[in-house]
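So the protein lines, in turn, are chains A and B.
Those letters in the first sequence? Residues 5 to 271, by the numbering used here.
Those letters in the second sequence? Residues 6 to 185, by the numbering used here.
Hints are computed from structural coordinates only; laboratory data are not their basis.
Ideal placement from N, C-alpha and C gives every residue a C-beta, glycine not left out.
Some clues are possibly wrong.
Have a look at the derived ranges for each label pair, beta carbon to beta carbon [unchecked claim]:
{"no.": "1", "chain 1": "B", "residue 1": "9", "chain 2": "A", "residue 2": "221", "range": "44 to 52 Å"}
{"no.": "2", "chain 1": "A", "residue 1": "61", "chain 2": "B", "residue 2": "159", "range": "41 to 49 Å"}
{"no.": "3", "chain 1": "A", "residue 1": "82", "chain 2": "B", "residue 2": "159", "range": "45 to 53 Å"}
{"no.": "4", "chain 1": "B", "residue 1": "21", "chain 2": "A", "residue 2": "234", "range": "26 to 34 Å"}
{"no.": "5", "chain 1": "A", "residue 1": "221", "chain 2": "B", "residue 2": "139", "range": "40 to 48 Å"}
{"no.": "6", "chain 1": "A", "residue 1": "25", "chain 2": "B", "residue 2": "159", "range": "17 to 25 Å"}
{"no.": "7", "chain 1": "B", "residue 1": "17", "chain 2": "A", "residue 2": "267", "range": "34 to 42 Å"}
{"no.": "8", "chain 1": "B", "residue 1": "36", "chain 2": "A", "residue 2": "71", "range": "17 to 25 Å"}
{"no.": "9", "chain 1": "A", "residue 1": "193", "chain 2": "B", "residue 2": "62", "range": "38 to 46 Å"}
{"no.": "10", "chain 1": "A", "residue 1": "61", "chain 2": "B", "residue 2": "36", "range": "12 to 20 Å"}
{"no.": "11", "chain 1": "B", "residue 1": "152", "chain 2": "A", "residue 2": "271", "range": "29 to 37 Å"}
{"no.": "12", "chain 1": "A", "residue 1": "208", "chain 2": "B", "residue 2": "156", "range": "22 to 30 Å"}
To spell it out: a stretch of chain B is covered by chain A in this simulated footprint if at least three of its residues, at any positions, have a beta carbon under 8 Å from a beta carbon of chain A; those stretches are [unchecked claim]:
{"no.": "13", "region": "15–22"}
{"no.": "14", "region": "44–54"}
{"no.": "15", "region": "67–76"}
{"no.": "16", "region": "121–127"}
{"no.": "17", "region": "151–165"}
Residues of chain A clear of chain B, computed beta-carbon distances all greater than 12 Å [what the hints assert, rightly or not]:
{"no.": "18", "residue": "64"}
{"no.": "19", "residue": "121"}
{"no.": "20", "residue": "127"}
{"no.": "21", "residue": "145"}
{"no.": "22", "residue": "157"}
{"no.": "23", "residue": "161"}
{"no.": "24", "residue": "166"}
{"no.": "25", "residue": "176"}
{"no.": "26", "residue": "209"}
{"no.": "27", "residue": "221"}
{"no.": "28", "residue": "241"}
{"no.": "29", "residue": "254"}
{"no.": "30", "residue": "270"}
{"no.": "31", "residue": "271"}
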Amino acid sequence: MNFDCSQVRPLLDSYLTNELQVETLHAVNQHLQSCAGCRVALQSRERTRAALQATVRGLLPGDEVMALVRDSVRAEAARRVGVRWVWMAVAVAAALTLVLNLGWKEFRAEQAQILARLGLGKGDHIFCARGGFFPDDLPTPAVMREQVGAEYAPLVDQVIARAKGYVIRDGHLCHWQDREFVHFILERENKLISLVIVRKHSPDEVFPRQALLATMRVQGHPVYATEDNGMAIAGLDTGRHLAFTVSERGPAEGLTLLAALTPSLPR
Amino acid sequence: MPAPDRLPEFESVALPLLPDLYRTAAAMLRNETEAKDLVQDVYLHAWKSFHRFAAGTNCRGWMFQILFHRLHHTRRKLLRFRLLSEDEQFREDHLVAETPVPTRLSSEEVLAALDELSPEHREVVLLADVEELTCREVSEVLGIPMGTVMSRLSRARTKLRVTLAGPAADLGIGQARGSQ
Chain A
5 MNFDCSQVRP LLDSYLTNEL QVETLHAVNQ HLQSCAGCRV ALQSRERTRA
55 ALQATVRGLL PGDEVMALVR DSVRAEAARR VGVRWVWMAV AVAAALTLVL
105 NLGWKEFRAE QAQILARLGL GKGDHIFCAR GGFFPDDLPT PAVMREQVGA
155 EYAPLVDQVI ARAKGYVIRD GHLCHWQDRE FVHFILEREN KLISLVIVRK
205 HSPDEVFPRQ ALLATMRVQG HPVYATEDNG MAIAGLDTGR HLAFTVSERG
255 PAEGLTLLAA LTPSLPR
Chain B
6 MPAPDRLPEF ESVALPLLPD LYRTAAAMLR NETEAKDLVQ DVYLHAWKSF
56 HRFAAGTNCR GWMFQILFHR LHHTRRKLLR FRLLSEDEQF REDHLVAETP
106 VPTRLSSEEV LAALDELSPE HREVVLLADV EELTCREVSE VLGIPMGTVM
156 SRLSRARTKL RVTLAGPAAD LGIGQARGSQ
């Protein structure tokens, strides 16, 4: 393989960070031996990287920062000792749970294909809810209405009214994989359930048929479901939007919540 | 919330990362007080979510993820961002002959060059070139696709070099280097 300058220059950063494959590395090495211009370009990249590392790594926190951080975390831990969340009790119908569980298990085998689309909801749940990116203090409905924006503001009251028995930790707009999600984070007994709504990029964005939950329809809409790494994901196609629940409390609760909220979802 | 008896475990895995998080915060915000506040906020969030952190997984990536989430959602207005002039943008987009970066660079020059990057470019170059995260890790930390990381990184590195080479270029150094 013989490379010229126009092929070598774009590879020099990867060359520096040892990210080239063996054959490409050999070709770049060969070219560098005979090309002064590219050697100078490589040195420029080395100098830039070295100067950047030396400068930024020189931005050291003072001892007081470590003390401040340690003390504030310890104070927070102490403040929470003995505190228990008091949860409202909600009955989930046993028969419904049984039916939903049966339907759920039918589709576990085809997870990989299914996750291609249902993974959208899961990804946002992991990025935002599991990452703990919600305020410590519960937001007021007014704050959540402002956070989700005018278009989705009416959804806040609907979620409050219909998600009985859950603490609503946050409702906001968030961004993951360059898409915008409306995200409600609900909690019960220290476990989270996300309600995630994302506008479709095109009408072709539909859930895979393999994930269709044969035992359940909500308001005439088919429901899709799967399970991954302890998270039960349920999806519903409303036309212009895809809606998901991602439940760490098992499939029945995710599906029940999705069913309860479907009448309120944007079409 | 995690059980209080997990505090020693949290301190042992998370506190050693404080210098890495602080310098990234300081380089993003360019303000010591804001960087301190941000890092304190990040650690409080991390502690409150620690019961969801899977032991043995990438704590450094997780902490950086929290840092950039807090930065994007609560401090975006504080990020320093200077728009390029038309002349600079043209030079950056159409640079054919590379001007070498000077051998000696001061910290002030490097920080000034960093300041000229947009926040989106600054964050990828800090994570990849200073913190030495892989493109995949940067993608996970920032929640953006790998392809976006790679294109932003390439553009950020080019822009940094162009800015750092600026004084040399103004003196006509390195413009006519031969190439094959």
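Hints the structure fails to honour: The structure breaks hints 2, 7, 9, 16, 18, 20, 25; every other hint is satisfied.
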